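Residues per chain, in single letters:
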Amino acid sequence: MITIEYGLSTYENFLKQLCKALEFKYSKNFIKIPESLGHGFFRLLSFHGGIECLIFNASFKNEIQFHQKKIKDEHLIIRLDNENTLGDNHLPRLQLNKTNRKWIFMAPKFQIISGINILFPQETMQQFFKESEVGIQINDHLNFLSSYFYNEPMDAEYKKWFKEIFEMNQSEFHKLIIYNRIMLISERVFLRYHKKVSATFLPGKFSHEDLSRIKEVTKIFIHDFSERPMSLNQLSKMAAMSASKFKIIFKEIYEQPPHQFFTNQRMNKAHAMILSNRYSLNEIMDALGFEKKSVFKSAYEKQFGKLPEMTNVKN
Amino acid sequence: MKVIYKEKGFELLVKKIAQSLGSSSSDGELIIPPESGTGTINAYQLQDDISVMIMNCTFHEDLVLQREPNLNQQYFILHFFDISFEEGHHAAPVFYLQHQTLLNHIIFLSNSSFISKIHIPAGIKINSVSVLFHKNIIHQFISPAVFEKFTSNYYYRELHGEQVEFVDSTYRAIIEEIIGEHKKNPVTIQFIYNRILLLLERMLVNFHEKLKTGIVVAKIKGDEVNAMIQAESELVKNFSEPAITIASLSKMAGMSPTKFKKQFRNFYGMPVYEYFQKYRMLQAKNILKKGGHSIMEVGKLIGYSNLGHFAAAFKKEFGILPKDWAHNEHKLDHLK
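Going down the list, the sequences are from chains A and B.
Under the numbering used here, think of the first position of the first sequence as 44, with each following residue one higher.
Under the numbering used here, think of the first position of the second sequence as 59, with each following residue one higher.
Please keep in mind that the hints were generated in silico from the structure rather than gathered at the bench.
Keep in mind it's a predicted model, so treat the numbers as computed, not measured.
It is possible that some hints are incorrect.
Stated by the list, open to error - Straight-line C-alpha distance at most 25 Å; calculated DMTMM-like pairs for lysine to aspartate or glutamate:
hint, chain 1, residue 1, chain 2, residue 2
1, A, 203, A, 176
2, A, 238, B, 382
3, A, 238, B, 235
4, A, 218, B, 107
5, B, 373, A, 207
6, B, 60, B, 120
7, B, 270, A, 207
8, A, 312, A, 270
9, A, 262, A, 48
10, A, 59, A, 106
11, B, 343, A, 195
12, A, 206, B, 387
13, A, 145, A, 295
14, A, 112, A, 326
15, B, 270, A, 215
16, B, 320, B, 220
17, A, 203, B, 120
18, B, 347, A, 198
19, B, 241, B, 106
20, B, 343, B, 235
21, B, 242, A, 176
22, B, 242, A, 200
23, A, 71, A, 116
24, A, 113, A, 195
Pulled out of the complex, with its shape left as it was, chain A reads as follows (with noise of 0.2 Å):
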């Protein structure tokens, strides 16, 4: 298996990394994997305002584990998959997702993976959302992503929008062409994503400072599990506000209690750190503060539905 670590500062970044990985040599825009690596291209398109559109469709001879690390940008990311991608069974998807989180994607040999990433830079985003309420409002639920992501199935209308893009020519207008379905889809996901959120998040009805301190505190929150989980109280004094506000708003972000969240957090992360196969399972239950192993697995059936050691076998 190789692995590719990088963090996502620009897709420009992300194909030199990936160059580097598999040793063959860099060029830009336009990438083809050579004959002795698999099969495929990715395709950059950047644009102003450092939007940037990755176009891909490619297959390895060898299994690779794509690991995106947080980076401190908080930038937007647009993924969306191609009817072929990972075979017959998975069903193709639209993701929203930002890069301060990590992401781990495994791509199983020989097997293609398709499809085309949107990147927005993080200021970017603010230009277009700055100028009315709903989109500030999209900005602050996109803030929140942080901690959990959003996806929706491909339907008819971005599967065309996905094809016009996908099979562009070289044009005098390509880039034009593609920036326009680029923003289409963009605006379409941001309202649905808008839509679903108001409709258990209403809006208007919490502040902009509540919504930005909790977010703040959650951070803490959630830096470090080898600690002790700080308690309902500790909390809301932190973010300046009653601990009944608090639940209540806090619940209606992450759609879950504190406790609750940070236990989901923290078996997340012992789940990302089994799959990236770096760490012993002593080391794992060290840095998410467990003693005991049977603790620590039947935690983790729990949450998975299986036990730790049983994550990294193929079935």
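Assemble the complex: chain A is given as a structure, and chain B must be docked to it using the hints.
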């Protein structure tokens, strides 16, 4: 009534129009006072220094908008005019570039160094989108040489009184979407910006195709253009009835059916009934999008009494059954 202006942004033009109607605009919006007409004019300032004016109105009296050259700055102005005639009024808007009269130029390109003038006759319904932009936004996507070729060819044809691009069902769908939704859409500025770029894309690609294949509509007499525009609006006026025959359309346009069919293709890029069908399906999709009608009702509204036939035609156009499309579009609504 005549409004002469030199200002760059459309907000200032709207203000001037308001003043000359003895009214006032606020936030770039002018509601036409009842004694002068009906409808609204809106101006927006978008990112990348793009200014937009959206007209959805009728005037009781002729209106002339004259833009004086502004030599200090370089920018382009593009007008997309979709018009429909009310009872008893048959004059289309007239555009002037420098001192050349361009009859009925429905997509009109001009720039800051030209004098340009639009004469809007009384009594016609104007649906229009005007865009002011700088070439740097275009250069983000298109090489300067290609854009240069586009503008010089377009001007050349305009200045020779030739007809270049017409508002067809695809342009109209975008214009209608802007007019119908710009106030309601939650992210207005982004929404308009995206559609403006779509209009530009369509125009650039279309004109480029025409140049490549050599089909640039030749000089046509002004009244022939009028006749075609009228015939087109007659064709798409009422979808619940069967399509009007080519015989009666050509009679209305005062030409032979053969000539009419040929001209229609030149103007709108496809045969008469294919065009009718395409526009009717776009219409169906729009009604479905708005919601509030069953698929059966939508089918009836656009003239299908058989649901199966409607579903099949819809699928042929958009690759998806209307029920699946509507389900997808509205599945988030029940959450509200």
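Here is how each hint holds up against the structure:
Using a Cα cut-off of 25 Å, the hinted pair residue 203 of chain A and residue 176 of chain A is violated, with the two alpha carbons roughly 30 Å apart. Restraint check: the Cα-Cα separation between residue 238 of chain A and residue 382 of chain B comes to about 19 Å, which is no more than 25 Å; the hinted pair holds. For the suggested pair residue 238 of chain A and residue 235 of chain B, the alpha carbons sit about 20 Å apart, so the restraint of at most 25 Å is met. Among the hinted pairs, residue 218 of chain A with residue 107 of chain B is consistent with the structure: their alpha-carbon atoms are about 20 Å apart, no more than 25 Å.
Restraint check for residue 373 of chain B and residue 207 of chain A: the C-alpha separation of about 18 Å stays at or below 25 Å, so the hint holds. Only pairs whose Cα atoms come within 25 Å are accepted, and residue 60 of chain B paired with residue 120 of chain B is accepted, the gap being roughly 8 Å. Simply put, residue 270 of chain B and residue 207 of chain A have alpha-carbon atoms about 22 Å apart, close enough for the 25 Å limit, and the pair holds. Note on residue 312 of chain A and residue 270 of chain A: the hinted pairing holds, with a Cα-Cα distance of about 14 Å set against a maximum of 25 Å.
The straight-line distance between the Cα atoms of residue 262 of chain A and residue 48 of chain A is roughly 24 Å, inside the 25 Å bound, and the hint therefore holds. The suggested pairing of residue 59 of chain A with residue 106 of chain A holds, with an alpha-carbon distance near 19 Å, which does not exceed 25 Å. For the given pair, residue 343 of chain B sits about 22 Å from residue 195 of chain A by alpha-carbon distance, which is consistent with the 25 Å threshold. A distance of roughly 19 Å separates the Cα atoms of residue 206 of chain A and residue 387 of chain B; the hinted pair therefore holds under the 25 Å criterion.
With a C-alpha separation of about 23 Å, the suggested pairing of residue 145 of chain A with residue 295 of chain A holds against the 25 Å cut-off. For a cut-off of 25 Å, the pair hint linking residue 112 of chain A to residue 326 of chain A stands: about 19 Å separates their Cα positions. Our distance criterion of 25 Å between C-alpha atoms is met by residue 270 of chain B and residue 215 of chain A, whose separation comes to about 12 Å. Annotation: proposed proximity of residue 320 of chain B to residue 220 of chain B holds, straight-line Cα distance about 17 Å (limit 25 Å).
As the CA atoms of residue 203 of chain A and residue 120 of chain B are separated by approximately 44 Å, the hinted pair breaks the 25 Å bound. The straight-line distance between the Cα atoms of residue 347 of chain B and residue 198 of chain A is roughly 15 Å, inside the 25 Å bound, and the hint therefore holds. Using a Cα cut-off of 25 Å, the hinted pair residue 241 of chain B and residue 106 of chain B holds, with the two alpha carbons roughly 21 Å apart. The hinted pair formed by residue 343 of chain B and residue 235 of chain B meets the criterion: a straight-line CA distance of about 12 Å does not exceed 25 Å.
Only pairs whose Cα atoms come within 25 Å are accepted, and residue 242 of chain B paired with residue 176 of chain A is accepted, the gap being roughly 13 Å. Restraint check for residue 242 of chain B and residue 200 of chain A: the C-alpha separation of about 21 Å stays at or below 25 Å, so the hint holds. Restraint check: the Cα-Cα separation between residue 71 of chain A and residue 116 of chain A comes to about 23 Å, which is no more than 25 Å; the hinted pair holds. At roughly 23 Å between alpha-carbon atoms, residue 113 of chain A and residue 195 of chain A fall within 25 Å of each other, so this suggested pair holds.
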